[in-house]
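J.: Residues per chain are reported as follows:
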Amino acid sequence: MEGWLGSLIVVVHRWLDVFFEWAMWFLIALIAIPAVTGGVALIGDRSQLVTARVWADRPVLLQAAGLANQWSNGTPSSDADALLTELVGSDWFVDQVLTDSAVGFKILGSDQKAQQRLAMRQSFKHGTIGDHVLQVSYVTDRPAVGSGLLNSVIIRLGDSIETLDSIQTTAAVGLLDSQVAEARATMQKALADATAYAAGKSLTQLLDDAHYLTLQADALAATNYYVSLDRQAHQAHLAQSALPSIRDSTFRVMDPPSVSPKQIDLRSPAIKYSMEALAGVAVLEFVIIYVIGLRDPRVRSGEEVRKKLGVPYLGSTPDLRSAA
Amino acid sequence: MVVTKLGPSSWRDALDGATAGVLAPHGYALKPRESLGQPDLDRIFLERCREAFAKLNRTVGQGVIAVVSPHRSEGRSSVAAGLALSLVQDLERQVLLVDLDLRRPGQGVLFDVNDSPGMVEYLENDAPLRLTAGGMSRRLWLLTAGATTGDHVARMAHLVAHSEFFAACRQSFGWTVVDLPPLLETSEASYLAGLADACVLVGRYRRSSIHALSRAVALIPNDRPTGFVLTGNQSRVPAWINRLI
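Going line by line, the protein sequences match chains A and B.
Each residue of the first sequence is one higher than the one before, starting from 1185 at the first, in our numbering.
Each residue of the second sequence is one higher than the one before, starting from 4 at the first, in our numbering.
These aren't lab readings, by the way, just hints derived from the structure by calculation.
All values derive from a computational prediction rather than experimental measurement.
Please note that the accuracy of each hint is not assured.
Stated by the list, open to error - Mimicking DSSO-like on lysine-lysine, the simulated pairs with C-alpha atoms at most 30 Å apart in a straight line are:
1) A/Lys1491 - B/Lys58
2) A/Lys1297 - A/Lys1456
3) A/Lys1446 - A/Lys1309
4) A/Lys1385 - B/Lys58
5) A/Lys1309 - A/Lys1297
6) A/Lys1491 - A/Lys1309
Pulled out of the complex, with its shape left as it was, chain A reads as follows:
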């Protein structure tokens, strides 16, 4: 165990010695190469960032009709963002957007279309700002194309949200209608039961009749429930019919597509290439240290001689200008 540990310590010391021998150059390489790589990438990067912001909300009428929760528990912007993620993942949506914005997309071959889809997905980014704002951006070296693409995305997204709202609302209204019908039947049955029980009995008798009072309370509760549901269903019908007309209040462009100042973030090519260069240089330096530490036959410590040759180590002397 000690022999194994001693050999390991000798090797570790050799690695450390190699590292500290070249530490200055290692550090310079570790800083300079990623910096130069990032700088070159920054200079060579002619792409521009086109950004647009969209306001997203749920229809007020849906909220009033109690249908808002039918859609999602998230914020309007996160709902729109999630929907956009799914849409961008579908070729159908991307094809529509590219057909709108890229001239000649329709006549491309399948391979070229696939490449264009891939490029679009890599360059297109989206995210939320707060509860209501959805930000979409596109990195391109042709801002006009980027603006057209974002406009298309916004329009198609709005259509999709409206369609989805409509589907959800229709489903919710249908559910409400069936609930209203059921409540109406329940109410009518309760009323009929109470009326039938009261037939042939005087008012004085009925006022002291506990069973009649129970039937009467049931009929009243069923009636209230029916009235409530009916009101809700009425509101829902109104909301359903108003959906196309209130689109602007639920989904509208706040900031139209425009070229933003270039920002260096973690996803920018300059940072990406810098990080890759940093990792590459670090790995290379580790390899250099590892190889020199193992392969260089030159003595780096007296302990190493003791370990390998069995000669007692008496000590070391500092460097003199001229060793004879």
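Chain B: place on chain A using the hints.
T.: Below, chain B alone, put in the same frame as chain A:
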């Protein structure tokens, strides 16, 4: 005549006479007032040599210490000089430093004295043995190599090896430090190292290879106490890391 001259009693007479500055049977001190210069070895270097000797001294009480290295320019002569100087400082006894690297002597340059006349002249030309004193209380004596051609080096080394020179050194001096030629570059170094009481193997940081040191160790007799000194240590590993591992 040579045989008589190179017997142990003759060597001892020569050494004693040279250190006393009086006429010896076969020579006398040419310049009894000549002094060794101060070698360019700093305090830390000498301190490390002292520590090295302290570790070696645990196994060897007194006698002849041979300083060897696999190749040239590995700090062997500096370590030999440093050992001799630290011995003089620590011990009351006289110390002899002998330069037996006859091909490329280095101690004369280190101590700022002429290499010639030295060992070679004494052996070849019947010249007086010249020892130069220096160090603390002038207890350090230097026997320089002298001047010779490459053809005669092997013969000179042979004469030294068979002339009971080391025995005379043991009798006349408390310690003798011998600066030997490189083990892997000369044939005589291994034999002369075998005559010493202990060996100090010198290797230079980031210059000596472990293979060369291994071959050098193989040339030193197994029964000879040997220690290793690493010269020119420029390791930049922080001291606290060294302590840690």
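J.: For each hint, tell me whether it holds in the structure or not.
T.: Do the hints match the structure? See the list:
The hinted pair formed by A/Lys1491 and B/Lys58 meets the criterion: a straight-line CA distance of about 17 Å does not exceed 30 Å. The straight-line distance between the Cα atoms of A/Lys1297 and A/Lys1456 is roughly 27 Å, inside the 30 Å bound, and the hint therefore holds. Distance hint between A/Lys1446 and A/Lys1309 is fulfilled; the C-alpha atoms sit about 15 Å from each other, no more than 30 Å. For the suggested pair A/Lys1385 and B/Lys58, the alpha carbons sit about 126 Å apart, so the restraint of at most 30 Å is broken.
With a C-alpha separation of about 20 Å, the suggested pairing of A/Lys1309 with A/Lys1297 holds against the 30 Å cut-off. Taking the CA atoms of A/Lys1491 and A/Lys1309, the gap is about 60 Å. The hint is violated against a cut of 30 Å.
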